[in-house]
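Based on these hints, arrange chains B, C, D, E and F with the ligands on the given structure of chain A.
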Amino acid sequence: MTENKLPAFEGPVCPLPMRHDDQIVMGHGSGGRMTQELIARVFAPAFSNPILAQSNDFASFPLPADAALKGRISLSTDSHIVSPLFFSGGDIGRLAVCGTVNDVSMAGALPLYLTAGFIIEEGLPVETLERVTASMRAAAQEAGVQIVAGDTKVVERGKADGLFINTAGIGWIPDGREIGGELARPGDAVIISGALGDHGIAVLSARGELGFDADVRSDVAPLNKLIQNLLAAAPHVHVLRDPTRGGLATTLNEIAQQSQVCIEIREQDVPVHAAVRAACDMLGFDPLYVANEGKLIVIVPAEEAQAALDAMHRTQYGEEAVRIGQVKADPAARVLMKTLIGGTRILDVLAGEMLPRIC
Amino acid sequence: MTENKLPAFEGPVCPLPMRHDDQIVMGHGSGGRMTQELIARVFAPAFSNPILAQSNDFASFPLPADAALKGRISLSTDSHIVSPLFFSGGDIGRLAVCGTVNDVSMAGALPLYLTAGFIIEEGLPVETLERVTASMRAAAQEAGVQIVAGDTKVVERGKADGLFINTAGIGWIPDGREIGGELARPGDAVIISGALGDHGIAVLSARGELGFDADVRSDVAPLNKLIQNLLAAAPHVHVLRDPTRGGLATTLNEIAQQSQVCIEIREQDVPVHAAVRAACDMLGFDPLYVANEGKLIVIVPAEEAQAALDAMHRTQYGEEAVRIGQVKADPAARVLMKTLIGGTRILDVLAGEMLPRIC
Amino acid sequence: MEFSQAFRNGDLVQRVIAEIRRTVTRDWVIMEICGGQTHAILQSGLDQLLPRQIELVHGPGCPVCVTSLELIDKGLAIASRPEVIFCSFGDMLRVPGSNQDLFSIKAAGAQVRVVYSPLDAVKIAQQNPDKQVVFFAIGFETTAPANAASVLQAKAMGLKNYSLLVSHVCVPPAMHAILGSPDNRVQGFLAAGHVCAVMGYWEYPPIADQYGVPIVVTGFEPLDLAQGILMTVRQLEKGTHEVENAYSRVVTREGNQAAQAMLRRVFQPVDRNWRGIGTIPMSGWGLTPEFAGFDAENRFDVGHIQTQESPLCIAGEILRGLKKPHECSAFGTLCTPDNPLGAPMVSSEGACSAYFRYHRQMESVAKK
Amino acid sequence: MEFSQAFRNGDLVQRVIAEIRRTVTRDWVIMEICGGQTHAILQSGLDQLLPRQIELVHGPGCPVCVTSLELIDKGLAIASRPEVIFCSFGDMLRVPGSNQDLFSIKAAGAQVRVVYSPLDAVKIAQQNPDKQVVFFAIGFETTAPANAASVLQAKAMGLKNYSLLVSHVCVPPAMHAILGSPDNRVQGFLAAGHVCAVMGYWEYPPIADQYGVPIVVTGFEPLDLAQGILMTVRQLEKGTHEVENAYSRVVTREGNQAAQAMLRRVFQPVDRNWRGIGTIPMSGWGLTPEFAGFDAENRFDVGHIQTQESPLCIAGEILRGLKKPHECSAFGTLCTPDNPLGAPMVSSEGACSAYFRYHRQMESVAKK
Amino acid sequence: MCLAIPGKITEIYDQNSLRMGRIDFGGVTREACLEALPEAKVGDYTIVHAGFALNLLSEEEARETLDTLNEIANIEAELGLDDTEISSAGM
Amino acid sequence: MCLAIPGKITEIYDQNSLRMGRIDFGGVTREACLEALPEAKVGDYTIVHAGFALNLLSEEEARETLDTLNEIANIEAELGLDDTEISSAGM
Ligand code: SF4
Ligand code: SF4
Ligand SMILES: [Mg+2]
Ligand SMILES: [Mg+2]
Ligand SMILES: [Mg+2]
Ligand SMILES: [Mg+2]
Ligand SMILES: [Mg+2]
Ligand SMILES: [Mg+2]
Ligand SMILES: [Mg+2]
Ligand SMILES: [Mg+2]
Ligand SMILES: [Mg+2]
Ligand SMILES: [Mg+2]
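Residue numbers (UniProt numbering), protein chains in the order written: chain A, 1 to 359; chain B, 1 to 359; chain C, 1 to 368; chain D, 1 to 368; chain E, 1 to 91; chain F, 1 to 91.
Keep in mind that a hint or two might mislead.
Partial selection, computed: residues in chain C whose CB lies under 8 Å from chain B [claimed, not checked]:
hint: 1; residue: VAL114
hint: 2; residue: THR143
hint: 3; residue: ASN339
A short, non-exhaustive set of chain E residues, derived as facing chain D with CB atoms under 8 Å [said to hold, decoys possible]:
hint: 4; residue: CYS2
hint: 5; residue: LEU3
hint: 6; residue: ALA4
hint: 7; residue: SER17
hint: 8; residue: ALA40
hint: 9; residue: GLY43
hint: 10; residue: HIS49
hint: 11; residue: ASN55
hint: 12; residue: ALA62
hint: 13; residue: LEU66
hint: 14; residue: ILE72
I should point out that these hints are in silico values taken from the structure, not numbers from a laboratory. Cβ coordinates follow ideal geometry from the N, Cα and C atoms, glycine included.
Chain A on its own, in the form it takes in the complex (with noise of 0.2 Å):
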């Protein structure tokens, strides 16, 4: 036996991925392991630079001394994939509205203004990005932000799926916030906005694929008012990260990383709905890999987690909020969760592509 040695746990994964690194194949987008290696090894390399290097949602800067900009920007950007492009709780228009909304506000930025980039292919119903957009409109109307620069590019049937969306989004910083995934400090707090994993599996259930209905629906949703009433109250918050493809646990894992401490959660009181639950016990999935859209890591001190809590639970979309856990120094980079029935395991970072397991 292992006796000193806990087991590591890196989602659901057997056996171990073997390693790709000739092609592109589907785990690089997966948002765990192989996105960062591919990130590390393509990207990062490339575009190095110290904004870039904070490995954030969002990027933080300043503006050149004669803009007298107080604060900083916040800069985001994701590109929207889903399929299918409608599903129980929103579509990817709303899906691309509050990813981006939320990246910017990760920085404790007011979410200003958004980009929005088509890639359609050709054959898409006009009536379909009719409904896109206007799922655009009502989700950025909610976050109050403003689209205010667009492009669209249509490609030959085959070559896209139906409809891609990028958005990218700017939001200011306002002078002395400072918040960023490397921010954690043993003896804060962790909270989570609710309960996890309901975006994947409502979309996993829309794409009909695996043949399951599941009663969920997407958590998509603009976290901005949440986050603005949150730092109302808890004004030194360290960190705020939405856990979306990877799960809880992969974007723990960057966060631990970043900050070089050790973040500990209670498996017993990680939120999970019944029906999240009934469906991943069914595929073999791990709740805590499974992607969110609508779900706020908060990472705050101690002494200001019942003031977050109170704030978050007044707040759409944070009724549900509960502290999972807490930092701490050792071991650095490093996630524990202590088990249902008292044992501790290492929360790796999703492996590859989350796959339905029968074993």
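Structure of chains B, C, D, E and F with the ligands alone, referenced to chain A:
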């Protein structure tokens, strides 16, 4: 005979295209009339706001008063879908960086930061991605901008075309600078920075589908330094725009429409490289409708025209700059061309996708 | 030498036009039969520079515009079949059939490919042995040799998956139809230079004689066109009706004998329905019995294609110059470029679409 | 009732573990043969809570891990054929063959689809009559009925384009192989509950008797596992070797007779090569002559597949507990999880990969 | 091997010569093959693996098992043993 | 109808039973079928439509045509007519 009418020339189109308003067809991505109609029908009403309604290559806006920003922000986005990914004179990476650097710069802004969103088809060689990102780095260095945020998505084989790259860019517009498509005034001179059609023909040749080889290199280049030098010499420039998709004719029409002026150009002064002209003759294209990726239209008060030309001639990418026409009051929202033999015709926007003609 | 640029010399063109001005004494109606020449005239603005006495009327020489609705619908039906790769010249993609065009069905999943040459379609057939490759063989005598060569090559290569959907039309019968009309206004012809590059102009003297019209073989550069018009006007003013050649660098009287022999082997005259005009006897070419196996109409049963041009459309009268587009009851209301009821509204250079666009857009634009 | 949640009650688990602590007096080695149970044990951290005296060793019960390299390479060769849609359970996609995995060949253009059930593959076959649909039928006795049902259905539907690439393995021969080894350390067995749901446990008493080991049929929730371990330890301490059932809500002694009858019709025992162990006689199932036409190995000639596990690999000794991974000369150098030379490095729960990761990453992590 | 989960049969039907059913797994439903459960009826619980129902679930047996385990737990609670360890396990 | 352009033959070869050639159109080259020009040789000019060489081009005839037109132009220049109109045409 219709003696009192000028012939309109809708790019090289015969017969008239059928209306496509139920499904997206390739023409909706042409950058011409069908793209404009799609924007007007679907995107503009959905996202309607005064900044978007500026209809420039960039969105220009202030920040909240608390930010104390002097000047304004310029924001732009483009998705890049070129096939093949590499072509004579450039590649999708250089294109993605230069395209957005240029659009941001058309506000007279100092381009500062880019985001990059990659949509990758599974099976793409990682080496291809490395070549593309190296090219992006080189282009960003040349332009003096930083890529500060990125995103990677992988789609299944057959659901993309190798690689799509979206870039969004942000720049700072110094206080008092007013440049935009709505600012052309009668009497202004119209300048083009060099020969037309190189990019479109280089890509078409590289694609190989039409079986021709052209001794043409894409002109893809970052124009921000050209613009900075130009503005130093001719501070009252009214309009800057890069004639990309849809070519010079379509872009001038956009300006004529925004400014409600007539733009008149002289065919004999419009520079076109011999090989581009030969390829156009063969395919029945008009070089005025072929895409450029490193050319600049400058509309400037006549009294600054020579200073503008002199400054351009001294700068890389502007050596072949030439005055091609002027702005007039009437007929408003029209582009006219004095032909080689002394006729005059309306130069309309590109109707749909440009296709090789036999007739 | 640079053959194209030399014939684009604006200065020389203007001087030739000045000569036309000096020559002309009264009104003349001249038809350029070829759509390519119509295009070149509009693109260069040549018509604006001509003296008012000369009216250029535009003939039916645009193969994409005169291809019959029935054949377009057949092409759409064939192209929609899952086993078919449908190859076409680019400009055919936007021609409206009864309900769709090739763009729509491509967007809906049909495999439609633009080629520059029918020989490229043969290559596609070779590369896709499990598909049926059909080439939409439209065109006048100029295009026929390329289409014929593709069939000859496919036969030599033993390809069983290549065929043509043939819509060839021929110039001389169309000239007869125009000139033989009781209300014909055409007094002189610019003959299509590239048709004559293949066919020569030995077929034209009987036509010139029968109808008493001068016919001048004309090229496509502004200078060619100016020269052709000058030579026609000179004859008109003199009262002669010779066949002359203003495109001698490309065209000889006998044409290209080898090409003509190839055409005779692959094609034979057939009746052909011209969109906007109607059926003209023996005005087209179909495949000969030797090559009937390459006929897509034989290979694919597309059922009964029922088409009807709108009964409102008075295209026939308009194309013969008897009525003006705004005299059509459908003009600008039921019939617009977005929803054309007839051929003259389909083509961007058609009379109805030109009228529609000028009246819609150009009210404030005076002639320079 | 909520069958899963009730058996995840942490409090109750801890109390059962306390009972184990009270029961155990000396060291015992217990094997859970099933990879799903290994997974559940690691995920819940159950092993950490057990008294030190109890060592859990993980059996070969992971079908994706024990599928032979040769069969994986065959699957890859079949899946690469253009006419094939290759269907598989999701976890098979990342299993490395000699040079590739299903992910790589999918990225390179092969049609590979993840299904939840082989019956979904039959639907895909029905929807794609012009394709050959092959299902990679891996698994133990639990999965065999689903695979058998898919063949029965395909036969009833007359589908000619559905076949199985069969890699079925069976539990009792593996237990014999483990217990019969001269250096066996396993003193008690947790029998795989879902295998027994189908097969019952009537096959086990002779094994328990022959080797003198207690065997307890065990479920998959933490409480099931704790109970199974408790019952095993109680027997070990008492010195008995009964077959007991700790999963009586799902398992009966006789198992599912209807399912067993279906299996006997479709499958028959064959020798099977287990990756990392070697060939165990009559340890797998192949298709019976009645269904030989559904065997993908008969349908597709993939040529001669030449594979060889690395001669350096000492997996056999490691799997039997004779050597530790770091005693292998290739460990951590030539053999890593990114480039596995043997099965214990392939599986994320394999001994070699666990050792590799712990030694690499965990030096600073002390047990809580 | 052999991920399988319990669910409730909500519908039974024949499809392409197999006995099939709809199973409710608690907010998630899926089709499964009931060919090996000729006696199953709507409302029964079953355990499903790879779209195949392996066996019926016995609610009675489940309760008995839980009762037995609770007895063990109660003994343990009465004895008051190991309390420290349990709370240190983070529950 | 019949967009066709002049180019120079730079190479002649047989391909799948047809006589083919490479044509240089001035910085742009493409393959064309020379089946109807059995007498053509490298260096000749031809006029190509849809990948098919329609005929040879005669440089001599081109020059003669241009000479004729230049004569007309010169006459016109000597007469000094229409100068105003010409310059108003924007040249
Ligand atoms: S307006 Fe339309 S319907 Fe009338 S003649 Fe012209 S094409 Fe025909
Ligand atoms: S380290 Fe690798 S080679 Fe050595 S026994 Fe383990 S799997 Fe085999
Ligand atoms: Mg982002
Ligand atoms: Mg995001
Ligand atoms: Mg754009
Ligand atoms: Mg994020
Ligand atoms: Mg842009
Ligand atoms: Mg642009
Ligand atoms: Mg992202
Ligand atoms: Mg632009
Ligand atoms: Mg099992
Ligand atoms: Mg012609």
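The hints, checked one at a time:
1. VAL114: Holds, because the Cβ-Cβ distance from VAL114 (chain C) to chain B comes to roughly 6 Å (cut-off 8 Å).
2. THR143: Where the cut-off is 8 Å and the nearest Cβ of chain B is about 6 Å from THR143 (chain C), the hint holds.
3. ASN339: holds, 6 Å
4. CYS2: Holds - the Cβ of CYS2 (chain E) comes within 8 Å of chain D, reaching about 4 Å at its closest.
5. LEU3: holds, 6 Å
6. ALA4: Holds: closest Cβ of chain D sits about 5 Å from ALA4 (chain E), inside 8 Å.
7. SER17: holds, 4 Å
8. ALA40: It is violated, given that the least Cβ distance between ALA40 (chain E) and chain D is near 10 Å, above 8 Å.
9. GLY43: violated, 13 Å
10. HIS49: Holds. Min distance 5 Å.
11. ASN55: holds, 4 Å
12. ALA62: Since chain D brings a Cβ to about 4 Å from ALA62 (chain E), closer than 8 Å, the hint holds.
13. LEU66: holds, 6 Å
14. ILE72: holds, 5 Å
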